[in-house]
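**Student:** Protein chains in written order, with this note's numbering: chain A, 1 to 170; chain B, 1 to 170.
Among the hints, a few may not be true.
[As the list claims (entries may be wrong)] Result set (DSS-like, lysine-lysine): computed pairs, CA atoms no more than 27 angstroms apart in a straight line: (1) A:K24 x A:K58; (2) B:K97 x B:K24; (3) A:K24 x B:K42; (4) A:K168 x B:K110; (5) B:K97 x B:K110.
No lab work stands behind these hints: they were computed from the structure.
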Amino acid sequence: MTSGGLSLETEAALANGLEDFFSKMWEEVEFNMGHDIAKFYSEDGSVSVGTNMDLCGKQAIERFYAYRREMGGRVSRHIVGNYRFDFGTFLQNARVRVCAIVTHYGTSGTPPLPSALPLGIYDSEMIFERQADSSWRIVRYRGEPFFLSADNPYWTLPEEMNPAAREKSR
Amino acid sequence: MTQSRLSLETESALAYSVKDFLAKMWEDVEFNMGRDITRFYKEDGVFSSGTNLLCRGWEEIETFYEHRRGLGGRVSRHILGNFRFDFGTFAEDSRVKVRAIVTHYGATGKPPFQSALPMGIYDAEVVVERQPDSSWRIVRHHGDPVFIDFNDSPFARIPETMSHAARAKV
Numbered sequence: 001m002t003s004g005g006l007s008l009e010t011e012a013a014l015a016n017g018l019e020d021f022f023s024k025m026w027e028e029v030e031f032n033m034g035h036d037i038a039k040f041y042s043e044d045g046s047v048s049v050g051t052n053m054d055l056c057g058k059q060a061i062e063r064f065y066a067y068r069r070e071m072g073g074r075v076s077r078h079i080v081g082n083y084r085f086d087f088g089t090f091l092q093n094a095r096v097r098v099c100a101i102v103t104h105y106g107t108s109g110t111p112p113l114p115s116a117l118p119l120g121i122y123d124s125e126m127i128f129e130r131q132a133d134s135s136w137r138i139v140r141y142r143g144e145p146f147f148l149s150a151d152n153p154y155w156t157l158p159e160e161m162n163p164a165a166r167e168k169s170r
Numbered sequence: 001m002t003q004s005r006l007s008l009e010t011e012s013a014l015a016y017s018v019k020d021f022l023a024k025m026w027e028d029v030e031f032n033m034g035r036d037i038t039r040f041y042k043e044d045g046v047f048s049s050g051t052n053l054l055c056r057g058w059e060e061i062e063t064f065y066e067h068r069r070g071l072g073g074r075v076s077r078h079i080l081g082n083f084r085f086d087f088g089t090f091a092e093d094s095r096v097k098v099r100a101i102v103t104h105y106g107a108t109g110k111p112p113f114q115s116a117l118p119m120g121i122y123d124a125e126v127v128v129e130r131q132p133d134s135s136w137r138i139v140r141h142h143g144d145p146v147f148i149d150f151n152d153s154p155f156a157r158i159p160e161t162m163s164h165a166a167r168a169k170v
């Protein structure tokens, strides 16, 4: 039995399911431009990155991906590594806290594109919740930038998505 | 049944647990400056890299991380990928041989940093041993550099006294 009160086999199976789910969320972003992103988040799910991006609720998350599509021809890959799982509250609330490192490459155009430095490397913390039908939803996704490139669209997000810009215009 | 005579479910559960353990070892290095590094190694565990770093046992491993803290403001991320597991001797000695690729980014200061090349990419080989309480300890951890940033070599800051080469000279 692990510290989460689950068998190691159950933890491993849940962890595998979570890695698959999170990869499929990024697959949705990379290959479907986030058209169906809402199905990966809970109704009040949130995404925040550093000081420049803050999205609360499915609608705000959908608006961000609509904005990204309008930028035209964006291409990205978000590669996830160093998963660390915390099943400590899973038996009480069906939630799992997961930390990972996300390496983000991106540009605009048609692949193959010239090899380049990452647009960002983020220390990421996610809260996932298992649903009654055994699917997962993201409750919270927080990225703390370790590396950032000047080309990252993060620097030019519209004010309604950017708490730092809102603060400045006050 | 697999070659190791463990069930596939058992191998999968152990692999998950070892990946989580190694990611948490690096988490201690990245976010806790290696202050608790000894709880990840056996008392006589060995940590080495290329020909320039050799730490034998807790005391030497701690001395290395103390030295690293003394450099002031070092920040790193070691991103693991391409795990390959060998459970061949697990039934006899509770040990698993793990190979992986480690991509190492580093800088000095406060994140976020300007995006940069990796300082190193290493072929890593780690032997871990399962303890009676089901936790893991590292017996041996070796990283062989494939790529090194020679303008900012991770080995440049390692005192000679911690290297294989210096010991060979004595």
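**Student:** Next, verify each hint and record whether it holds.
**Tutor:** Quick rundown of the hints versus the structure:
1. A:K24 x A:K58: Roughly 17 angstroms between the alpha carbons, so the hint for A:K24 and A:K58 holds.
2. B:K97 x B:K24: holds (18 angstroms)
3. A:K24 x B:K42: Violated: A:K24 and B:K42 sit about 38 angstroms apart, past 27 angstroms.
4. A:K168 x B:K110: holds (23 angstroms)
5. B:K97 x B:K110: At roughly 35 angstroms apart (the allowed maximum being 27 angstroms), B:K110 and B:K97 break the hint.
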